[in-house]
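Going down the list, the sequences are from chains A and B.
Position 127 of the first sequence, counting from 1, maps to 127 under the numbering used here, and the rest follow consecutively.
Position 305 of the second sequence, counting from 1, maps to 305 under the numbering used here, and the rest follow consecutively.
Please note that a few of the clues may not be correct.
Said to hold, decoys possible - With a Cα cut of at most 20 Å, we get these calculated SDA-like pairs of lysine to any residue:
hint	chain 1	residue 1	chain 2	residue 2
1	B	Lys312	A	Asp155
2	B	Lys277	B	Trp68
3	B	Lys312	A	Pro140
4	B	Lys299	A	Asp155
5	A	Lys145	B	Leu296
6	B	Lys312	B	Arg100
7	A	Lys145	A	Leu19
8	B	Lys299	A	Tyr154
9	B	Lys299	A	Ser150
10	B	Lys30	B	Phe55
11	B	Lys312	A	Glu143
12	B	Lys312	A	Glu24
13	B	Lys277	B	Glu28
14	B	Lys277	B	Arg250
15	B	Lys30	B	Asp273
Claimed, not checked - Incomplete in silico selection of chain B near chain A, CB under 8 Å:
hint	residue
16	Ser84
17	Thr212
18	Ala213
19	Arg295
20	Leu296
21	Met308
22	Lys312
23	Lys315
24	Leu318
25	Val324
To be verified - Listing some non-contacts, in silico: residues in chain A with all C-beta distances to chain B over 12 Å:
hint	residue
26	Val11
27	Ser51
28	Asp53
29	Thr106
30	His131
Derived by calculation from the structure, the hints in this document are not laboratory data.
Backbone N, C-alpha and C define an ideal beta-carbon position, used for all residues, glycine too.
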Amino acid sequence: MTGVMMQYYEVCERELWFLSRDVEIDRANPAVVRGTHVDESAYDEKRRNFSIDGTIALDVLDSGQVVEVKPSSSLVEPAKLQLLYYLWYLDRVVGVEKSGVLAHPTERQRETVELTDENATRVEDAIRGVHAVVTSDSPPPAEEKPFCESCAYYDFCWSC
Amino acid sequence: MDRNYHVFSDGRIERNDDTVRLVTEDGEKKYLPVENAEALFLHGQIDYNTRLVSFLNDHGVAMHVFGWNDYYAGSIVPKRGQTSGQTLVEQVRAYDDPERRRDLAAKFVAGSIHNMQTNVQYYDNRGHDFGPIRDRLDACRSALDDAESVEEAMGVEATARRAYYSTFDEILPEEFVFGGRKYNPPNNEVNSLISFGNSLVYANVVSAIRATALDPAISYLHEPGERRYSLALDIADLFKPLLTDRVVFRLVNRNQLTTDSFESELNSCLLTDAGRKTFSKAFEETLERTVEHPRLDRKVSYQYLLRMEAYKLKKHLLTGEEYVPFERWW
Ligand code: SF4
Numbered sequence: 001m002t003g004v005m006m007q008y009y010e011v012c013e014r015e016l017w018f019l020s021r022d023v024e025i026d027r028a029n030p031a032v033v034r035g036t037h038v039d040e041s042a043y044d045e046k047r048r049n050f051s052i053d054g055t056i057a058l059d060v061l062d063s064g065q066v067v068e069v070k071p072s073s074s075l076v077e078p079a080k081l082q083l084l085y086y087l088w089y090l091d092r093v094v095g096v097e098k099s100g101v102l103a104h105p106t107e108r109q110r111e112t113v114e115l116t117d118e119n120a121t122r123v124e125d126a127i128r129g130v131h132a133v134v135t136s137d138s139p140p141p142a143e144e145k146p147f148c149e150s151c152a153y154y155d156f157c158w159s160c
Numbered sequence: 001m002d003r004n005y006h007v008f009s010d011g012r013i014e015r016n017d018d019t020v021r022l023v024t025e026d027g028e029k030k031y032l033p034v035e036n037a038e039a040l041f042l043h044g045q046i047d048y049n050t051r052l053v054s055f056l057n058d059h060g061v062a063m064h065v066f067g068w069n070d071y072y073a074g075s076i077v078p079k080r081g082q083t084s085g086q087t088l089v090e091q092v093r094a095y096d097d098p099e100r101r102r103d104l105a106a107k108f109v110a111g112s113i114h115n116m117q118t119n120v121q122y123y124d125n126r127g128h129d130f131g132p133i134r135d136r137l138d139a140c141r142s143a144l145d146d147a148e149s150v151e152e153a154m155g156v157e158a159t160a161r162r163a164y165y166s167t168f169d170e171i172l173p174e175e176f177v178f179g180g181r182k183y184n185p186p187n188n189e190v191n192s193l194i195s196f197g198n199s200l201v202y203a204n205v206v207s208a209i210r211a212t213a214l215d216p217a218i219s220y221l222h223e224p225g226e227r228r229y230s231l232a233l234d235i236a237d238l239f240k241p242l243l244t245d246r247v248v249f250r251l252v253n254r255n256q257l258t259t260d261s262f263e264s265e266l267n268s269c270l271l272t273d274a275g276r277k278t279f280s281k282a283f284e285e286t287l288e289r290t291v292e293h294p295r296l297d298r299k300v301s302y303q304y305l306l307r308m309e310a311y312k313l314k315k316h317l318l319t320g321e322e323y324v325p326f327e328r329w330w
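All chains should be built: construct the whole structure from the sequences, respecting the hints.
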């Protein structure tokens, strides 16, 4: 299970289901183009990319904290869940304890995130949730959401 | 939106550094921008080599070759960036299930009939009396519900199309005698125009399908694995009335194409180069027309409707959500 699946689970379960079925991403969607750009160019502070078990790719700062960049203030919770999942994975699977930082470069904000018991439960629920979504034969029905416009599957999802 | 480039002259096209260059027989050089190209349409006698083919492949540009007889000769389609085993499996499953295949086939026919109806209705409101034809098409539409097999759906489609084509002799001026569909080679001007237009629709659908991970050879209404990409044949049927037929009516009724735009030989009648140019230009303009999409909440081009149709089919196959065929809504 990848970090982005966690994020999608929080954003839209239908989007997660499409992701799991290799639906092609609409690369011409302006919001998709923008999103990719923010992630690649943001944050000039030193960070190193680690890949674990071939499924998890995370960024670690010089301070030793795991960092997750949230592209916009409307998507805080999805980015947070993704970060928590990394912390949980490091702790429960790899066996190293880390703290995390949720950064919003364009607004110069950062928030420290810790893997509390409550957060660990939230991650475990989400893992079960992701599993249920991707193993189901059909996706949840389309429901207009505020971020549909910036979804990579927008045209596919609403074509009719 | 990605553009189509039509090449009418004879000569060769070649890769020239990071561009595609056309060198005509009289030595003239033209450069074709590939960055925003969807496909190249070759109408003349053109030489090319494998270096060009791999270059186009890298840029995701398809090449459609138009020859003699029935115009369409073949396509060189770049391999997709995305493939999806899941999509292929679902595509085959639906094909293999007689019930589902019949349903999909019937949907393609229902959409086609609807789109024929809108053309007939348009001319019915403009001084023609097509009441009886409209009734026949309505009857076909109802008969479709009872069609128990793909063959029966095909039969209904053939009946509908015959009734529909019988209006052409009245819509078009006297010197354009149609008298029913003949292929390979087309035997008169109207057949020639329909053949040319339909092969342009077909080639554009091939490009549209390429944007998804659908396999173009697995189809529902037509038998899979014929000489052409049969899924493109299924989808193209829906759009022929909107794209081909409207362009034919417009160009002929406004005298932009006359009997001089054709060359007749023995039992074949084919568009001249000038005629093909005129038609292709009007066709491309039609593809660029836009219409407000009811659910996307923005305007989309007719060309994008082809892409959407591939999305819709894929969505149905993957999710089981109902496939509603394209029916002109404006
Ligand atoms: S368009 Fe909206 S409903 Fe559809 S997958 Fe994307 S976010 Fe979910």
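Consistency of the hints with the structure:
no.	hint	result
1	B/Lys312 x A/Asp155	holds (10 Å)
2	B/Lys277 x B/Trp68	holds (15 Å)
3	B/Lys312 x A/Pro140	holds (16 Å)
4	B/Lys299 x A/Asp155	holds (12 Å)
5	A/Lys145 x B/Leu296	holds (13 Å)
6	B/Lys312 x B/Arg100	holds (15 Å)
7	A/Lys145 x A/Leu19	holds (17 Å)
8	B/Lys299 x A/Tyr154	holds (14 Å)
9	B/Lys299 x A/Ser150	holds (17 Å)
10	B/Lys30 x B/Phe55	holds (17 Å)
11	B/Lys312 x A/Glu143	holds (17 Å)
12	B/Lys312 x A/Glu24	holds (13 Å)
13	B/Lys277 x B/Glu28	holds (19 Å)
14	B/Lys277 x B/Arg250	holds (15 Å)
15	B/Lys30 x B/Asp273	holds (19 Å)
16	Ser84	holds (4 Å)
17	Thr212	holds (6 Å)
18	Ala213	holds (6 Å)
19	Arg295	holds (5 Å)
20	Leu296	holds (6 Å)
21	Met308	holds (5 Å)
22	Lys312	holds (5 Å)
23	Lys315	holds (6 Å)
24	Leu318	holds (6 Å)
25	Val324	holds (6 Å)
26	Val11	holds (18 Å)
27	Ser51	holds (22 Å)
28	Asp53	holds (23 Å)
29	Thr106	holds (27 Å)
30	His131	holds (17 Å)
Figure legend: structure checked against the earlier numbered hints; every hint is met.
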